[in-house]
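Peer 1: Below, each chain spelled out in residue letters.
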Amino acid sequence: MYRGREGQWAFFLHRITGVALALYLLLHVFDISLVMYGPDGPFNAFLIFYHQWPFRIGLVLIIAGVVYHGLNGLRIILMDFTGWGVRYQRLMWYGVLGMTTVIGIPVLIKILPEIFGGA
Amino acid sequence: MAARPKTLKEARATYHTNSELAWWVFMRVSGFFLVFLVFAHVFFNNIVTNAGTIDYTYVAERLARPSVKVFDSFLLGFALLHGVNGLRYSIEDYFRRPGARFWAKTILFTVAGLIFVVGVMTLWAYTFQEMGDAVRNLTPSH
Chain A
1 MYRGREGQWA FFLHRITGVA LALYLLLHVF DISLVMYGPD GPFNAFLIFY
51 HQWPFRIGLV LIIAGVVYHG LNGLRIILMD FTGWGVRYQR LMWYGVLGMT
101 TVIGIPVLIK ILPEIFGGA
Chain B
120 MAARPKTLKE ARATYHTNSE LAWWVFMRVS GFFLVFLVFA HVFFNNIVTN
170 AGTIDYTYVA ERLARPSVKV FDSFLLGFAL LHGVNGLRYS IEDYFRRPGA
220 RFWAKTILFT VAGLIFVVGV MTLWAYTFQE MGDAVRNLTP SH
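Top to bottom, those sequences are chains A and B.
Quick note on this note's numbering: the first sequence kicks off at 1 and runs consecutively.
Quick note on this note's numbering: the second sequence kicks off at 120 and runs consecutively.
I should point out that these hints are in silico values taken from the structure, not numbers from a laboratory.
Note that the structure is a prediction, hence the values are computed from the model and not measured.
Just to be clear, a hint being listed does not mean it is correct.
Just so you have them, the derived chain B footprint on chain A, three or more residues with Cβ under 8 Å [stated by the list, open to error]:
id, region
1, 25-39
2, 50-59
3, 75-84
Glycine included, every Cβ here is placed at the ideal spot set by N, Cα and C.
Okay, chain B solo, but in the shape it has when bound (with noise of 0.2 Å):
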């Protein structure tokens, strides 16, 4: 793909399609908002803390916040997406067979596809420990 538009006017002018333009506002607006996520995240994580002394006990305990929880929820799918796409973006310019580039992207959007469940998991259901215990209640004798 030849060089991506740099103003609102040529962006609408290129893209031929809603969802390209969508992406292409979507990337400029989460990204706003994750520059202040994230850098509070690191602040958080990094400065306030020495990230070498991170443990168990330090992440469960604020897993365990729910202003954690819905802070990080936030962080979570902006990030992703705005990543993802960013990846997207990058197998565009760089796979250029278009065998190569269907994988790449199956590959991609499968991985973080898992990922944003696990992360969601994390963040707001059981632990596997205790969802293996609920999927075992199910049959009532083994």
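Same shape as in the complex, but just chain A (with noise of 0.2 Å):
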């Protein structure tokens, strides 16, 4: 397998977060499209069974991804629209990899109990 450097790992993480969001958002407007059948259609059956924890998780990990992916996102329009960007783009990619786990801490810490806490 090829080893590259960070670019690499960078554009493979964008790459799959990327997939795995847009794969997410038309099954996300599919199921939110259900509550044009009303109060008593299948909305909140699907809503009941979305909430199961495995879902949950998976709902955290998307979460993780959009964070990743729109961070990574504004780094790869500094690095096309500015004179510097490409320059310290490796430094931009920890910046990146910096503000996704300090935003996702406290996403954690809100968001784990709820699944968890039997709340």
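Reassemble the complex: the two chains are provided individually, in unrelated frames, and hints are given to aid placement.
Peer 2: So this is what it looks like as structure tokens:
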């Protein structure tokens, strides 16, 4: 396997989070659209199904993907449209990972007790 | 496809059609706005709210608000175009046989088109019940 440097990992993570988010988006628009069947339609049954813990863990991963993909996207914009972006791309990638962690920890502290606290 | 261009100048030199260059620019412009749109969406529905308590009443109340309709319309439009174009890039990168590539893209665009219509209906149009009633009312007698 080709072992690239940070830029290759940045691309790889951007690609798999992007594909995951796009597929999630299609499913998400579909399941929210079930609201059109009204209060007695299948919407609540669908949501209760998705409130089970494996799906809620999946949603936490989707949020992590959103944060990484968004921040790394800003890094790509800076690389593409400024004169200095490419020079600092590696440093900015570590910044992206750092900020993803900094944002992710309070999100986990908020959401994990909701999933496992029985509340 | 080889590595994607890394600067606007490289992009201009690489893409021989205006549409590919336009998509390259669109991914960056829409991506910039999506950072704010999606982060706000996730914040309101996962941090302010306990996502495990979301039910019909919560969603219906949200979708009834004009501000949410407008916000979510921008979200739907930008996210679908950005996401589907990203999936198209992925298909072009990993599906090497022309036949497989054609069918993968055909299925993708069909599904995305249907999801877009369903999303717009959810935000703006009638419920299925109301639409069904409207269609039934077109025919005078049953």
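Peer 1: Next step is simple, just say for each hint if it's right about the structure.
Peer 2: Each hint tested on the structure:
Using a Cβ-Cβ cut-off of 8 Å, 11 residues of the region 25-39 of chain A lie near chain B, which meets the minimum of three, so the contact claim holds. Under the rule that three or more residues need a Cβ within less than 8 Å of chain B, the assignment of the region 50-59 of chain A holds, with 3 such residues. Given as covered by chain B, the region 75-84 of chain A passes the check, having 5 residues with a CB less than 8 Å from a CB of that chain where 3 are the minimum.
When the structure is compared with the earlier hints, no violation turns up for any of them.
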